[in-house]
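Engineer: Residues per chain are reported as follows:
Number of protein chains: 2
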Amino acid sequence: MEEITIKDIARFCNVGVSTVSRAINNHPDINPETKKMIMDTIRRHGYIPNNSARNLKRTDGKCIAVLVKGITNPFFADAIQIIEDEIKRKKYSMVIRHVESNEDEVDVALELVKEKRLAGIIFLGGYFSHSDEKLRKLHIPFILSTVGCAPDGMHHDNYSSLSVDDEKEGYRMTDYLIRQGHTRIAILAARPNDASIGKMRLNGYKRALKDHGIRVDETLICHMPEEIKSYSMESGYVMTRKLMDSGKEFTAIFALSDTMAVGACRAIFEEGKNVPRDYSVAGFDGIELCSYYNPTLTTIRQPVQDIAEESVKLLFDILAGRSGHQHKIFPGVLLEQESTRKL
Amino acid sequence: MEEITIKDIARFCNVGVSTVSRAINNHPDINPETKKMIMDTIRRHGYIPNNSARNLKRTDGKCIAVLVKGITNPFFADAIQIIEDEIKRKKYSMVIRHVESNEDEVDVALELVKEKRLAGIIFLGGYFSHSDEKLRKLHIPFILSTVGCAPDGMHHDNYSSLSVDDEKEGYRMTDYLIRQGHTRIAILAARPNDASIGKMRLNGYKRALKDHGIRVDETLICHMPEEIKSYSMESGYVMTRKLMDSGKEFTAIFALSDTMAVGACRAIFEEGKNVPRDYSVAGFDGIELCSYYNPTLTTIRQPVQDIAEESVKLLFDILAGRSGHQHKIFPGVLLEQESTRKL
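So the sequence lines, in the order shown, correspond to chains A and B. The numbering of the first sequence is my numbering, which starts it at 1 and goes up by one. The numbering of the second sequence is my numbering, which starts it at 344 and goes up by one.
Rather than coming from a laboratory, the hints here were simulated on the basis of the structure. Don't take every hint at face value.
Said to hold, decoys possible - Only pairs whose alpha carbons sit at most 35 Å apart, straight line, appear in this in silico DSBU-like list of lysine-lysine:
| # | chain 1 | residue 1 | chain 2 | residue 2 |
| --- | --- | --- | --- | --- |
| 1 | A | Lys90 | B | Lys405 |
| 2 | A | Lys342 | B | Lys616 |
| 3 | A | Lys88 | B | Lys656 |
| 4 | B | Lys379 | A | Lys114 |
| 5 | B | Lys616 | A | Lys90 |
| 6 | A | Lys313 | B | Lys457 |
| 7 | B | Lys616 | A | Lys114 |
| 8 | A | Lys168 | A | Lys242 |
| 9 | B | Lys434 | B | Lys350 |
| 10 | B | Lys572 | A | Lys168 |
| 11 | B | Lys656 | A | Lys114 |
| 12 | A | Lys342 | A | Lys137 |
As the list claims (entries may be wrong) - Now the in silico label distances, taken between C-beta atoms and shown as ranges:
| # | chain 1 | residue 1 | chain 2 | residue 2 | range |
| --- | --- | --- | --- | --- | --- |
| 13 | A | Gln326 | B | Val676 | 48 to 54 Å |
| 14 | A | Lys134 | B | Glu681 | 50 to 56 Å |
| 15 | A | Gln326 | B | Glu454 | 30 to 36 Å |
| 16 | B | Arg460 | A | Lys134 | 27 to 33 Å |
| 17 | A | His155 | B | Val676 | 52 to 58 Å |
| 18 | B | Pro646 | A | Ser18 | 49 to 55 Å |
| 19 | A | Asp104 | B | Arg460 | 24 to 30 Å |
In this text, all values refer to a predicted model and were calculated from it rather than measured experimentally. Quick reminder that beta carbons are idealized off the backbone N, C-alpha and C, glycines included.
Generate the whole structure from the sequences, applying the supplied hints.
Structural biologist: What follows is the structure, encoded as structure tokens:
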């Protein structure tokens, strides 16, 4: 006896194969009466859907991609772990891809969407500035989690975002250092061409100085060297060595990541100087190391647990039709520890 | 006109559908004459293989899974990055899954193999002790990278392994501390029931003490508390606090990871003591932080770059039939830095 195929069922019902597939897979986008007719026909003819193909499709569709810029930052290791736990709890699988700093995250995402059948995407870290036209090609919901983004680049209804306000948090730390009596504050910033969270935090630094009537001294703005991994301990170390060698006067360093703050401290120790006696050093992110370093590090703590959990929750709400896209700002917390002092 | 299907082609050729599929997909496991006959038939009838299904299958087969135990250890973040870069260079995609300490990595792997069509698996970290019977179910080649494993549990021809000799490296550090004049050496070890790399490093510690005629004092062997993340800074901190509170005399601490060594230092600082003046502290792994912490940390550096690169290279050699399974031991390097001193 010839085996009944899905095409036979489609012919019997006078519908397309894709409609039969939608009926079998409980797809929401099908008329209930049509679905009933198809399922009755299937039962009558004893058609057994091709299980392997169906499973493949189902499990592939139950996959969330996480695209990460800056994996070596321990801040993201924490976020990834939380996101993975949440995705697993929902019985979905997770594909992770690291995006190099010279790669376009949407191109990487489009490639992944082509390869895998994804349900949604979470972008983690970096900066987002893409045309709506390009983003529409993704066809699936995506969430920007701790990603800086251009306020006017994309239509708000087409994506969700969850992050701190990087400009405001950069302002918060600089304002704090100034109130501690510092006026010569060096900043360890991103690369000169950066248009990302690094730039936003730097803008906050500049605005705080101006608000306190302090001139922005461009020679105290240090940019990451191109040849060194960005936001690494090594980059903080190299920038601080160069700054000290330059003979510029300063009393505090604001590093745009905790890892760079650690590199800055090491450079200061090597000169036989002390933190915070000779120089105050502050970081950004609030990684675990801040409470274990010697001295403990003053920093802006990002609420990584909340942001990561909420990112997954929102994505699943959108997938289930329970929510539209949303934009949430989480406040950072200034953690005063041993590495900064009042002048 | 009815569209020609793969089943029609199979019927015309008097072969199974899977044989037609093998012909279309250039599978090696097909008689060349049969393949020619099938391809001729396909051309004659103008059959167009279902591209989406074919692409799905192809790309799914070009995927390597990396299963990681202990993602929060920065040691693995480095290894993952190197492995991912190498896999991308080979134009394969990578699926990453973290294995919880209470999960069975082979069960997780079997689940992934069922979901995705994987070409191979790299297990990263943890400890391996499974029956050959269970491992045979994986059906695809796998590599144990920086994984401890039971020497007699599995047949050597069925898997590859690349790692340091954890027992030997545990011996190396303990022997070094003894030669520096320390005889009361506390060790921050894994959980009491651990049968993993933690146990092997601990065995090296015990053997070194015995070789130097020093009695093993069980009260100086600290085990990770169950309720705290293993190998974390916090676990090192908690164990060291407890040790100091106990009033036990010791002059050195050997922590089985650099992260735990950092936690140990913090606990010592909080007692108003100094490292290395009051206590010498040594770690294990050789993460970047060792050269940036204050003081810089004496440690055993694992050659993570070499191990990760070789792991991927070997897997692709095996997939291409260029190599059988291999077992490679990489020597660790003792990095003498500021956190230890001669008594």
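Engineer: Look at each hint and say if it fits the structure.
Structural biologist: Hints, verified against the model:
1. Lys90/A x Lys405/B: Since the Cα atoms of lysine 90/A and lysine 405/B sit roughly 26 Å apart, the hinted pair holds (cutoff 35 Å).
2. Lys342/A x Lys616/B: holds, 25 Å
3. Lys88/A x Lys656/B: holds, 30 Å
4. Lys379/B x Lys114/A: holds, 31 Å
5. Lys616/B x Lys90/A: violated, 48 Å
6. Lys313/A x Lys457/B: holds, 27 Å
7. Lys616/B x Lys114/A: Distance of about 58 Å is beyond 35 Å: violated.
8. Lys168/A x Lys242/A: With a Cα-Cα distance of about 28 Å, the restraint between lysine 168/A and lysine 242/A holds, given a limit of 35 Å.
9. Lys434/B x Lys350/B: Answer holds: lysine 434/B to lysine 350/B is near 32 Å, not above 35 Å.
10. Lys572/B x Lys168/A: holds, 33 Å
11. Lys656/B x Lys114/A: holds, 27 Å
12. Lys342/A x Lys137/A: violated, 53 Å
13. Gln326/A x Val676/B: 48 to 54 Å: holds, 50 Å
14. Lys134/A x Glu681/B: 50 to 56 Å: At roughly 51 Å between Cβ atoms, glutamate 681/B and lysine 134/A fall inside 50 to 56 Å, so the hint holds.
15. Gln326/A x Glu454/B: 30 to 36 Å: Check passed, 33 Å falls within 30 to 36 Å.
16. Arg460/B x Lys134/A: 27 to 33 Å: For arginine 460/B and lysine 134/A the Cβ distance comes to about 30 Å; the hint holds.
17. His155/A x Val676/B: 52 to 58 Å: holds, 54 Å
18. Pro646/B x Ser18/A: 49 to 55 Å: holds, 53 Å
19. Asp104/A x Arg460/B: 24 to 30 Å: holds, 28 Å
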